[in-house]
Structure formats: structure tokens, C-alpha cells
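Colleague: Given next are the chains, with one letter for each unit.
4 protein chains.
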Amino acid sequence: MEMEQRKTKAPYSLNSKKVADATKAWLQKRGIKIEEIAELVMLLQKKYYPNLTMEECIHNVEQVLSKREVQNAVLTGIQLDILAEQELLIPELQDMISNDEGLYGVDEILAFSIVNVYGSIGFTNYGYVDKLKPGVLEKLNDKTLGPCNTFLDDIVGAVAASASSRIAHRKQTEREQEQGEETLGKDIVR
Amino acid sequence: MEMEQRKTKAPYSLNSKKVADATKAWLQKRGIKIEEIAELVMLLQKKYYPNLTMEECIHNVEQVLSKREVQNAVLTGIQLDILAEQELLIPELQDMISNDEGLYGVDEILAFSIVNVYGSIGFTNYGYVDKLKPGVLEKLNDKTLGPCNTFLDDIVGAVAASASSRIAHRKQTEREQEQGEETLGKDIVR
Amino acid sequence: MEMEQRKTKAPYSLNSKKVADATKAWLQKRGIKIEEIAELVMLLQKKYYPNLTMEECIHNVEQVLSKREVQNAVLTGIQLDILAEQELLIPELQDMISNDEGLYGVDEILAFSIVNVYGSIGFTNYGYVDKLKPGVLEKLNDKTLGPCNTFLDDIVGAVAASASSRIAHRKQTEREQEQGEETLGKDIVR
Amino acid sequence: MEMEQRKTKAPYSLNSKKVADATKAWLQKRGIKIEEIAELVMLLQKKYYPNLTMEECIHNVEQVLSKREVQNAVLTGIQLDILAEQELLIPELQDMISNDEGLYGVDEILAFSIVNVYGSIGFTNYGYVDKLKPGVLEKLNDKTLGPCNTFLDDIVGAVAASASSRIAHRKQTEREQEQGEETLGKDIVR
Chain B
1 MEMEQRKTKA
11 PYSLNSKKVA
21 DATKAWLQKR
31 GIKIEEIAEL
41 VMLLQKKYYP
51 NLTMEECIHN
61 VEQVLSKREV
71 QNAVLTGIQL
81 DILAEQELLI
91 PELQDMISND
101 EGLYGVDEIL
111 AFSIVNVYGS
121 IGFTNYGYVD
131 KLKPGVLEKL
141 NDKTLGPCNT
151 FLDDIVGAVA
161 ASASSRIAHR
171 KQTEREQEQG
181 EETLGKDIVR
Chain S
1 MEMEQRKTKA
11 PYSLNSKKVA
21 DATKAWLQKR
31 GIKIEEIAEL
41 VMLLQKKYYP
51 NLTMEECIHN
61 VEQVLSKREV
71 QNAVLTGIQL
81 DILAEQELLI
91 PELQDMISND
101 EGLYGVDEIL
111 AFSIVNVYGS
121 IGFTNYGYVD
131 KLKPGVLEKL
141 NDKTLGPCNT
151 FLDDIVGAVA
161 ASASSRIAHR
171 KQTEREQEQG
181 EETLGKDIVR
Chain H
1 MEMEQRKTKA
11 PYSLNSKKVA
21 DATKAWLQKR
31 GIKIEEIAEL
41 VMLLQKKYYP
51 NLTMEECIHN
61 VEQVLSKREV
71 QNAVLTGIQL
81 DILAEQELLI
91 PELQDMISND
101 EGLYGVDEIL
111 AFSIVNVYGS
121 IGFTNYGYVD
131 KLKPGVLEKL
141 NDKTLGPCNT
151 FLDDIVGAVA
161 ASASSRIAHR
171 KQTEREQEQG
181 EETLGKDIVR
Chain A
1 MEMEQRKTKA
11 PYSLNSKKVA
21 DATKAWLQKR
31 GIKIEEIAEL
41 VMLLQKKYYP
51 NLTMEECIHN
61 VEQVLSKREV
71 QNAVLTGIQL
81 DILAEQELLI
91 PELQDMISND
101 EGLYGVDEIL
111 AFSIVNVYGS
121 IGFTNYGYVD
131 KLKPGVLEKL
141 NDKTLGPCNT
151 FLDDIVGAVA
161 ASASSRIAHR
171 KQTEREQEQG
181 EETLGKDIVR
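Residue numbers (full-length UniProt numbering), protein chains in the order written: chain B, 1 to 190; chain S, 1 to 190; chain H, 1 to 190; chain A, 1 to 190.
Source of the hints: derived by calculation from the structure; they are not laboratory data. Each statement offered as a hint is correct.
Listed below are the simulated EDC-like cross-link pairs for lysine to aspartate or glutamate, each with C-alpha atoms no more than 16 Å apart in a straight line:
1. S:K171 - H:E101
2. B:K17 - H:E178
3. H:K17 - B:E176
4. A:K143 - A:D100
5. A:K18 - S:E176
6. A:K17 - S:E178
7. H:K18 - B:E176
8. S:K18 - B:E101
9. H:K17 - B:E174
10. B:K17 - H:E176
11. A:K17 - S:E181
12. S:K17 - A:E181
13. A:K17 - S:E176
14. S:K18 - A:E176
Okay, the calculated bits of chain B under chain H, using three or more residues with CB under 8 Å as the criterion:
15. 113-121
16. 165-173
Glycine included, each C-beta is placed from N, C-alpha and C at the ideal position.
Using the sequences and the accompanying hints, generate a full structural model.
Modeller: In C-alpha cells, the structure reads:
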């Protein structure tokens, strides 16, 4: 039906909900659970916020994944991984992507467009997890397994880094609100 | 033969010349002449350097295209355009790319990774040509023509902007060298 | 008092409201009215949204200015302009900033960090206004006037480009919500 | 004399050699030896290239520092550190920079503009050293010492990451050249 609609040239119109749903569905199909990304976030942030809960981490990952720019990068990266598996790419690109060529940096570029949404403070966290490959990233980076995850491991690291940035921004807001209320409790008018 | 080598798992090894050649070949196959990119460069730079020649513009475009990061972005972008034409993409991505959805920005992201190679002074030129669509960009952006050029028009604009940045950097070097010789002519040792 | 607190080493704690207020105050001190930025937004967007009002443009500029990353870039850029006026910079930097050297691109880099907050679709608009210098940007770019606005003109262009991106994203959401209601009115359950 | 020239409005003209010399001089004045940056490069790259020498690392750091975009970022970052020490900044900016506020990301933005010059493959290395703070970065990051190094530590990490990228690109070229000669030795014409 989808295909038929295209053939009869129904006028195109962006459907944000479908793009958002596809993003979640494709992460799952490629073997990534939201909880696994949340675990990376916990790893990155627990030393700064000892009371941080997994629920908060999951919530922040979901908020990151609700951003359009993030969805665009996730879908485009997974798409390139899939096409590399199917050997449908231009030979030179096929070689670089299916072998995760170190001098091919478009995966980092897409990852970077995800991190950017929550500002430059995420750069460091992204580079750190991308280098150390903790948790789910180790599995994704295992070249002996079947699927091509050249883009996916960078994307997952970038989503975790972005969720970490989001938490840092939110915790500051919470802290300032609490201080505001404290001040109010002391009957000092601002 | 290429395919057979892959089947028998000949060890992968990056072949830079093949990637460089594929970049030029694919630009040509998608209807882009180096001279057309050079014309964009001339348009952007002639008011700053009235003596700028087409030969110089062509040379600078070729130098930009010899950079690995540029080649990676060009090949990846053209690849996504081709796959969109072949309707081989994930439906949600297919819709956005084949309709050049304004809120899909991965084409700009790839373009940007090209511009970055010659530094931030290229941002402005890229945005300018991408908005005004002069010369070859008008043709590329004509949605009534067959092929999907969602990525290609941004890529061509970015290569032109990068070549413009390259010229700006080189002209400065030339100017300083001439001044050095002039000073030398005046018998002042530096 | 502020200074005294620092001397007695009162523990530092980020005060977001103060940073936000300083951002607005400094834009004003440097001669920029929110309305002038909003006019750039109107110029960029009216052809896409003929019903766009100045109130909406102003609102979107204010929302952009409420983002922490934007405030950091605005304050840092204005700071460097001011110090260049006061001739307090390292001589080589002083020369490049006070003469708006074309090969000095840190102003574009700061501008770019503003645009990034609303995603890559803003790159084009930024480049376009930065090249054409419409409205308030022409005034800012007039080198015969006293103040140094090497950073400020790029910053103002970037804020306008970001507000344009924000509008594009919001208008899409509005459109989809209306369609949803329409569909609902037709009694079709999704 | 420098100052007098400015007063009599000698026409401005960029002097690249002076900017390059100032970059080196200021790194040294801020306590950074080229060798210390080279040690970071060695740390990042020795596992990939066991024969890598300190001479090569130093050479690559020097090449990175010879790039104009890098010099612009280095000088601008060091300038902001110095002005923070002198307490000459706008109070809100003064507080954020002198306390290396985690939510102030302009230092990462400048660092990023350095890394970009050698392409996206440097993002990971930058994030990694910026997080782990090995070698000279630990010293720079010690807040109990006098000077403000909010920008400098990110800049040094970025220069090391860029030199690492440069090495990765060069080693590939060397490898391909050797293979070419080998092939030639076997009398096979390409």
C-alpha cells in the first residue's frame, strides 16, 4: 500500500510520528535496547550525580531520540549499515563501510550531528565512549559477528553522550530551582 | 573479479587511488563537470580577485576533490541519491530524501564536513550558493527532472565554497611572498 | 559586592538567570534590538509562511536567546569585540579582530555553534544573511563607524538563522496537529 | 613601535609569520612544550604504529600548529584564559571561564575547530584525552594551581588529536606508496 501510494504520486507530506516510530523500530531491529544506551549514560554520569536512576537515564535517552535531527542521523546511519550488509553500495564505499575503514569518517560526522543538538559539552563524552567501547558498544564493535555496525556504534555512543549532556543541563535547572525555593523559604524576596 | 575477491576474503586494504578515481567518475556520471563547479568558484571570488582565471578555479576544485574527507562525503551523498532513485531506502527515509524534505538536514551535514576541511571561512560561501542556487545548482535543484539530487546540490555547493576558501588562503600566501621579495629588493634583510 | 564575594572565595555556582539577563543586556548595549533580529527572520521566512507575524518572529528570537549555548557564544563574541575596541588583546589577535581579517574564522565558529542548536537546516540561512548583510547587518558591518563588530554581525546573523530553523520546525508540528484534528473530524481512528 | 604604527593608521595587512610565531610563543609562555603535546600523540598512536618515534610526533604537532585555523583558535583561547586571570571579563563570563563551568562549552567549540582541520576521525581522540586528562593535561587541569587554563587544556588535547589524525592519514599514504613500489618490483605495470 505504501508503495502503491507512491506510484500514484499522492502528494508528499512529512509525517513526524512515522519517522519517530521508524527510528525506535530500527534501533530495536538492529539489536539495540533503549536500556543499553541508558546504561552507557549511567556509566558516564553516575560519578557526577550519585542519585541518578536508570529511569532518569532511560527518560533522557527517549527525549534525545524524539529530536528530529537525531532521528535523521539514526535512520541514515542504520540505512548505510544495512546496505553495506546487502552489498548494494558503490564498490569503493562498500569496502570502506563494510570494513569500518579508520580513515572513513562519515560515521563520526553523523554521530557528531546528534551530539550537537545538546551542545558542545557532549563532544568529550562521545569521544570517550567511542574510544573505550564500554557495554553495548563492545558488542556492536565485534567485527566477527555478522552484521555491519560501522555507523550504529557511533550513533549509539552519540545518543548516550547527548543524553548525558541533557542530564547535565537539567540537573543545573533543578538545582537552581531548589535554591530559589530555599531562598523563598527564608523569606527573602528576589 | 572485485566481487570474487570479496567472497574469498582477500584481506581488505584501503586503496586511496581507487576512492579518488571513483569520486571523479561518480560526479561525472551524475552530470557534474569540474568546470561547472569552477564557475561557481569564479562567481564567488571574482570580486575579490579580478585577475582570477578559470584555470585557477579548476585547479582549486581539483585540489579540494583530492582530499579524503571530501571524497568520503561526495561518495556517500551520491550513494544516497542513487538509492533514493532506486527506491531502495527505508520508507521513511525514502520519502524524506526523494522529496528533499526541508527538515531533513543530513545533506547539509555532509556538505558541512566538506567545507570544514578548509576552515570556517567557507561557511558563508556555502550558505550563499546553497540559497541562491546559481549556475549548475539551479539545474541540480530542478525537481521536475528525473534524478534525485538531494545530496548532490549541497555537495557541489560545498566543494565550490571549499575551493573559494582555498583560493583565499593561497592568495594571502602569494601576497606575503611578493611583499617579502619586494622588501628583499629594497635590501632589507629579515 | 560581586567583586568582594570573589575575593572572599564564596563558592562559585552558576546562576543561569544572570547569564540570560546579561546576554540580553549586552546585545542592547551593543546597539542590537530584538526587533532588528526579528526583521531578519521575517526576511528569511516570509516567502515560506506568508502569514508569519512580527510577534512570532520576536518570540522565536527570544526563545533562541534563552538557550544556554547561544548565550555562551553571544557573550564570548561580544566580549572579544569589546576587548578589541579597548586594544587589550595580544597584538596579533588585536590586528586580526579589529580589522575583521577574512582569514580569521573564530567569529564564524561561534556563529556556527549558535546555528547548530537548531540543527543543520540553519547553515544555509546563516551563510545567506552573512553574505548579503541585509537590514541591521549592513549597519553592523560598516567599518567606518566606531565600534568593532567583528563577532557581533556573525552572531546576529546566526541568531536570526536559528530562529528561522525553529520556525520551520514549529510550523511543521502545527501543520501535523491540524491534519490530525482534521482526520479526527472525519471520524477516522488512527 | 607596534602601537605607534596603529596610531598612525598604517594600512592593516595580515602577517602570517607573526601570527605563527605568536602561537608558538604563547603556548610556551603558558607552560606548554611541543614535546608534551607530542607525548599525548605518542600515547594515542603507539598501539597502532609501534615504530612511531617522538621525532615524528613532534613533527606532526608542528605541522598542525602551522595551520592558520589552528593558530586562530589557539591564540583566541589563550587570550580568554589570560583575560580571565586578569579579571577583565564581563562578570557572568568571568565566573564561567575562571571556574571552568561545565555548561560553558566555548572551549570545546574552539577545540573542535582545531580537530576539524584534519577531519572527523579526530573527534574520538579529542574526546578521549579530554576525558582522561593524561600527561600534561592533568597538570593543566589542576585547579589549585594559579593560572586559568579553561581553554588551554582543550586546545592542547585538540592539537594532539589533530596530530594523531595527521599521522593516520600519512601512514596510509606511506603504506600505499610502499605497496606500489613492491608491485613495481614485481614488474606489474599499473
